[in-house]
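Student: Listed below are the residues making up each chain.
There are 2 protein chains.
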Amino acid sequence: MSKVDTVDGPKYLKQSKALVDHLLDEYLPSSDVEPRSLHEAMRYSLMAGGKRLRPVLALAAYEYCGGTKDNAPDTIHRAMAALEMIHTYSLIHDDLPCMDDDDLRRGLPTCHKKFGEATAVLAGDALHVVAFHLMAMTGSNKAVIELAEAVGTSGMLGGQIADMEAEGTKPTHEIVKNIHKRKTGALINASVRIGAMMAQADPLMLDRLTTYGENIGLAFQIIDDILDIQGDEKIIGKQPGSDSKKQKATYPEAIGIEKAKEEAALLVDKALSVFEEYEDNVLTFIARFIGQREC
Amino acid sequence: MSKVDTVDGPKYLKQSKALVDHLLDEYLPSSDVEPRSLHEAMRYSLMAGGKRLRPVLALAAYEYCGGTKDNAPDTIHRAMAALEMIHTYSLIHDDLPCMDDDDLRRGLPTCHKKFGEATAVLAGDALHVVAFHLMAMTGSNKAVIELAEAVGTSGMLGGQIADMEAEGTKPTHEIVKNIHKRKTGALINASVRIGAMMAQADPLMLDRLTTYGENIGLAFQIIDDILDIQGDEKIIGKQPGSDSKKQKATYPEAIGIEKAKEEAALLVDKALSVFEEYEDNVLTFIARFIGQREC
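Sequence order for the protein chains is W and U. Here the first sequence stands for residues 1 to 295, where the numbers follow the working numbering. Here the second sequence stands for residues 1 to 295, where the numbers follow the working numbering.
To be clear, the hints were calculated from the coordinates, so they are not data collected in a lab. Worth double-checking, as some hints may not be accurate.
In this list, chains with the same sequence are indistinguishable; a pair is considered to hold if it fits within one copy or across any two.
[Unchecked claim] Below 20 Å or equal to it, Euclidean Cα-Cα: the simulated DMTMM-like pairs (lysine to aspartate or glutamate) are: (1) Lys-248 <-> Asp-103; (2) Lys-114 <-> Glu-26; (3) Lys-113 <-> Asp-100; (4) Lys-14 <-> Asp-280; (5) Lys-113 <-> Asp-101; (6) Lys-142 <-> Asp-74; (7) Lys-177 <-> Glu-34; (8) Lys-113 <-> Glu-165; (9) Lys-181 <-> Glu-34; (10) Lys-69 <-> Glu-262; (11) Lys-114 <-> Glu-165; (12) Lys-248 <-> Glu-117.
Kindly produce the complete structure, drawing on both the sequences and the hints.
Tutor: Written out as structure tokens, the structure reads:
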């Protein structure tokens, strides 16, 4: 168990985030290449930082299932970049004036504020298609289908419209759970599953990691809701209270902040339950990290 | 050559258009299924009619290359639906207020006029992802990559931004050719190629059909530009002169209407040149149809 005992979670997160930044830079066309304005807008939003949670989860699941960095790295690397591109495309479209109408993202002007609305719509569309291009280049049709299911109307996009339609209504526990599972959870779970698929995980392993992915996906969004109320502006990088201003359907709104915290902790425990008790690996580290995160 | 002699082009177009309508209805989730508003908006735009040129071309290329309707029809059918969904998604986003700001499409209110801007953005996104889902379900990774290349920044999206950026400038022949090849030509050519790929066409055949696809793709858009000036409102379904009002980069604007007609005719001839002289099949029929179309 020496490998398990020596996991250095923070170092892993830092190194794999750097790897993601490098991959995104490598796979995106340069802003010197035509159409320059579109490539520039795509790069601007994609390179603006962030936790890179989805590709890091994919890498961690890949390695947990026996994939190594030397074993066809292009495959897992392309999948990682694709997952982050999908996430960024969804943020660009979500920030548009007709959607959440946000001026700032990660402390910087949002894509449409910087480049105009038309370019932002197209930059989101372009990241969407480059993501599918990269995923297809892994050679795994199954991974393309997995990604499409996570993004489609029963996944992320279904969650986005439900989220929009729930604005200004008093959400029930069931409704907000359903929104969060789709809007945020589906892509997080798909990231874990696609990482495992790239390492040829067997169906039993895939099932275990699905339980992990579903639970951390929902926990992540519940904690996001809580941070929007209790987070430190300097740490979360935005003014707290924005969900409430937009009358968003959130967990604290539906069941209160204490019960929301309890549910998030329970979900993290459920995610950890697929591992041996006291097992310490990158995936368990990330689950605990999500449970305790401050940004 | 009896098969060749008996091609009934108009009947083929009518029957395959009906097939496309049927397939789209089959592959799209019902508007009774949640998220209903999103499914309804997707259906509204997708079922509003149109020539269904891209899927019809895919089917014609598939059959030309020896694919039959009984030979794994799901494969070519999914590809056909995917191509039309990509086309429709691009129209929905193109019509948005921040883009072309069109109120009418095929005589009906545009998606954002009917359902609001936010739903229109998401409906476009959703058709985009369902298209990739369906293409991946054909089992052909190559076709997914082909589609992604046609849609991406060196294809349709690159053409869309170049088109937008050229508004209000005096376009050169070279610039407008480049815009049209990407904005319209890339997906038309990919439709022909993907149809051929689904029938396992060999590289030589694929090369021939690429020459065909590239030339009819550009010809189609040049004739679209001409119809926007000379077309009959009742036939083309929109007020003529809209390109000019929006100061769009068009062929007539760049080289004059007569030279534009000559170039379109030349391109149709080039497309026909990959077949035997006087060969009469569905693909040659479509090329001539494009050359003479009135809507």
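Student: If the cutoff is 20 Å on CA atoms, where do Lys-69 and Glu-262 land: within, between, both or neither? Let me know, please.
Tutor: neither (37 Å within a copy, 57 Å between copies)
Student: For the identical chains here, do Lys-181 and Glu-34 meet the 20 Å Cα criterion within one copy, between copies, both, or neither?
Tutor: between (38 Å within a copy, 14 Å between copies)
Student: Could you figure out if Lys-248 and Asp-103 sit no more than 20 Å apart (CA to CA) within one copy, between two copies, both or neither?
Tutor: within (17 Å within a copy, 30 Å between copies)
Student: Between the shortest in-copy and the shortest cross-copy C-alpha distance, which are at most 20 Å for Lys-177 and Glu-34: within, between, both, or neither?
Tutor: Answer is between: at 15 Å across copies they meet the 20 Å cutoff, but 43 Å inside does not.
Student: Are the CA atoms of Lys-142 and Asp-74 at most 20 Å apart within a copy, between copies, both, or neither?
Tutor: both (17 Å within a copy, 17 Å between copies)
Student: Tell me, please, which holds for Lys-114 and Glu-165 at an alpha-carbon limit of 20 Å: within, between, both or neither?
Tutor: between (27 Å within a copy, 16 Å between copies)
Student: Checking Lys-113 and Asp-101: alpha-carbon separation at most 20 Å within a copy, between copies, both or neither?
Tutor: Result: close both inside a copy and across copies, 10 Å intra and 19 Å inter.
Student: Is it within, between, both, or neither for Lys-113 and Asp-100, if the alpha carbons may be no more than 20 Å apart?
Tutor: both (13 Å within a copy, 19 Å between copies)
Student: How do Lys-113 and Glu-165 come out at 20 Å by Cα distance, when the copy is not named: within, between, both, or neither?
Tutor: between (24 Å within a copy, 18 Å between copies)
Student: Reference check for the pair Lys-14 and Asp-280, CA-CA at most 20 Å: within, between, both, or neither?
Tutor: Result: close within a single copy only, 18 Å intra versus 63 Å inter.
Student: Measure nothing new, just compare the shortest in-copy and cross-copy C-alpha distances for Lys-114 and Glu-26 to 20 Å and report within, between, both or neither.
Tutor: For Lys-114 and Glu-26, neither the intra-copy (23 Å) nor the inter-copy (41 Å) Cα distance is at most 20 Å.
Student: Please work out whether the CA atoms of Lys-248 and Glu-117 approach to 20 Å or closer within one copy, between two copies, in both situations, or in neither?
Tutor: between (23 Å within a copy, 19 Å between copies)
Violation of the numbered hints given earlier is confined to hints 2, 10; the remaining hints are satisfied by the structure.
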